[in-house]
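J.: One letter stands for each residue in the lines below.
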Amino acid sequence: MPVTGTGRTSRIIRWIDHRLPFVAMVEHELYEYPTPRNLNYWWNFGSLAGIILVIMIVSGIVLAMYYTPNATMAFDSVERIMRDVNYGWLIRYIHMNGASMFFMIVYIHLFRGLYYGSYKYPRELLWMLGVVILLLMMATAFMGYVLPWGQMSFWGATVITNLFSAIPVFGSKIVTLLWGGFTVGNPTLNRFFSLHYLLPFVIVAVVGLHLIALHTHGSNNPLGIDSKGPQDSIPFHPYYTVKDMFGLMVFLIFFSIFVFYLPNFLGDPQNYIPANPLQTPPDIVPEWYFLPFYAILRSMTFNVLGIPSKLIGVMLMFSSIIVLFFLPWLDTSRVRSAMFRPVYRWFFWLLVIDVLTLGYVGAHPPQGMIVVIGQCATAYYFFHFLIMFPLVGKLERPRPLPTSIGAAVLGPAAAGGGN
Amino acid sequence: MKRFAFAVVTAALVLGAVDIARAQEAETPKPPHQQWSFEGVFGTYDQAALQRGFQVYKEVCSACHPVKHLYFRDLTEIGYSEDQVKGIAAQYQVQDGPNDQGDMYQRPAKPSDPIPGPFANDQAARAAENGALPPDLSLIVKERDGGPDYVYAILNGFKDPPADFKMQPNMHYNEYFPGHQIAMPPPLTADGQVQYADGTKSTIPQMAHDVTTFLAWASEPNLDERHRMGAKVILFLVIAAGVFYAAKRRVWADLHGHGGGGHGQAATQAGEDD
Amino acid sequence: MSDVAQSQVHGHDGETRRDFLTLAASALGAVGVATAIWPFIDTLNPAKDTLALSTTDVDLGPVQLGQRLTVAWQGKPVFIDHRPAAEIKAAAEVDISTLRDPQKDSDRVQKPDWLVVVGVCTHLGCIPLGQKQGDDRGLYGGWFCPCHGSMYDTSARIRQGPAPANLVVPPYKFTSDTKITIG
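Residue numbers (our numbering), protein chains in the order written: chain A, 1 to 419; chain B, 1 to 274; chain C, 1 to 183.
Looking at chain A on its own, in the form it has when it is part of the complex (with noise of 0.2 Å):
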């Protein structure tokens, strides 16, 4: 190994490790780093976030280098990436797919942890600075997409920054603070740029954090079970090294079918159109992954108890992630993984239906049945969340789990020994 080997390298390493312990630091947390050995491909979201994350970034960047961030010239500066610099049109679509991408990846890894119970004991500060990561990518892609300033981005950005005219005393002052003047217009957007360049940063710092949380207890597993000791491990390399990668290759050709071929899929005509402040399209739809929280937003049609709709509205959609937070104690069962939790796991499932039913109720006008059904549907997730999840830990029989991983992988025989 590098650092303990006895040629130049070697030294050399060992001069800057005993000062910087880097190579160290990477060789433990990377190399040797002890891993479950029974995880499946849905483990492989992490790294895939954390990949997608750096394509984010630098694709975001070099795209900063030719976009304009002022109204009169925002629009005309993408076109110009689009049509003139060398290779802009694909860093564009790369930035713009991988937004989607990176929602995609992220849900999927969310959802994982709700079927295994990776977000209770020990884990449930890494679960929630998974949230607070998943806010901070949402306050992200939001201004994101504003910068274009085509009309969804100008109209988005005036439907969802009205929202917080909703907070009662305060409401429109706080909304004209945001704008920065009497509309969404140009302080807006360039304030929307500054941040939108920051945050990503701060999603980065949290990352961080997030893989510290992780490697203090190690990842959990698909039978939700403590490792008992060195059989029931690998090293990180090259098992996983290797898996990852290919599930990267997997996850590139996903990626570049949309990126070379559906390039306009996943969004909205519309935005091809400059930002009109006096003309409104005639349905304002945000991206596909706001689409669930949109349902919700707009689930309330009613006042209750003199609180307007409107407000109930907005409360109804941030508690919808808030909830998330508190998973570990809404969750009183004792067992992790949905493998062994029978009535559970079809729960879980009706939480995937439902979180699709919602976003198709986000896409389309609130008219007829998709009110009602989007009603339902947000009356359902909070059930899922705040009632269920509470109930079913605590009356749920799970079956009986296994006594170790490695006796669940290899047999009763290599339960207690080694190798």
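All clues stand as given, with none of them false.
The calculated lysine to any residue pairs, modelled on SDA-like cross-linking and capped at a C-alpha distance of 20 Å, are: (1) A:Lys394 with A:Leu327; (2) B:Lys68 with C:Leu51; (3) B:Lys110 with C:Lys48; (4) B:Lys86 with B:Thr76; (5) C:Lys89 with C:Asp113; (6) B:Lys142 with A:Pro269; (7) B:Lys68 with C:Ala47; (8) B:Lys68 with A:Ala71.
FYI, nobody ran anything at the bench for these hints, they're computed from the structure.
Given the coordinates of chain A, assemble chains B and C onto it according to the supplied hints.
T.: Okay, now just chains B and C, sitting in the frame of chain A:
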């Protein structure tokens, strides 16, 4: 895995819903699908059609519609030589200045200039067009749901309104325009309206097809390069995925009790998904 | 990637297969990364609209004999000198071997009464004085760079001071007797 498959199907519905959400109102028919040389994985622009389409734009559409994101130099991409482009540009006058006296002046356009539009600004356009603003066409194919099919349908969709349909003044009935009333009068009125330089017969559908191809190129000039690069990248990635999968299998075969392809009941219970 | 010392080698021909696979995987990875990085570097090169603005047309008609004109080309100043006979004679009479950057005046002009040079000092890039009436032209009748004292003669050749080379003659051609295109 059945539940997973079910969820995937629902996901597909959502993706479809995302598409439907942006569709036009129920009464306006969906534009019929046309054959385009640039659609599909191996699609490219037909250069002859692009040049004919540019001719239609120049002789018919440019009277009202600008294409501000196109530069004369871009025309070399559709098959014109540098000298031909200089010649086309020189036919236009553009504003330059101020000169040393402080005055703005007119001069012939150069290839580095954007193609000038017919009106100085939006207000001048509206004044000339009964209050309607002819949109810039540089991105029209990407701006509209249905893309080239929609643009083609509009150009071919002018007809007499049904007996009970009330038309507003200065509007024209179009089958595919949302609301059926469009401010633009039919631009393609007769076969042979444009005499094609390459001799192709210029029927209305032909002109509509060619100008739509040109406008598709105007919206997305890099499509040819994008498709070519995509084929190479995806081919490389498929091979790389194969190699990395083989490497993964080989590395993991080392683990005692975890043979090459066998999955005992124990392994399945472990949740492994090789 | 290629270090598999951690896991136990599982004999037979597994070792050769693994080495080939490791090699293939590493090679593909390296090629992939290099190919993927190239667009991000090339994108920093001048864009198509920048490249399109590489020529400038100048009308020499209004420039009187003895007058000097400054025009912009590719973002840089270009000095155009309508040289009177005295300047041309002075430039031709210089002994080339005494010059730091030896060049004949006749090699630096297409028509002797028109000198066209890029007005950027070859030392560290300041714009030399001498274009306006009343400017200090240095000791050689040409141009004087105030930054570090370089002096150019009537053919814009470096005669004194730290600049290593003569002022650059850009590519240009006469499109008529009174019009040139630079670049």
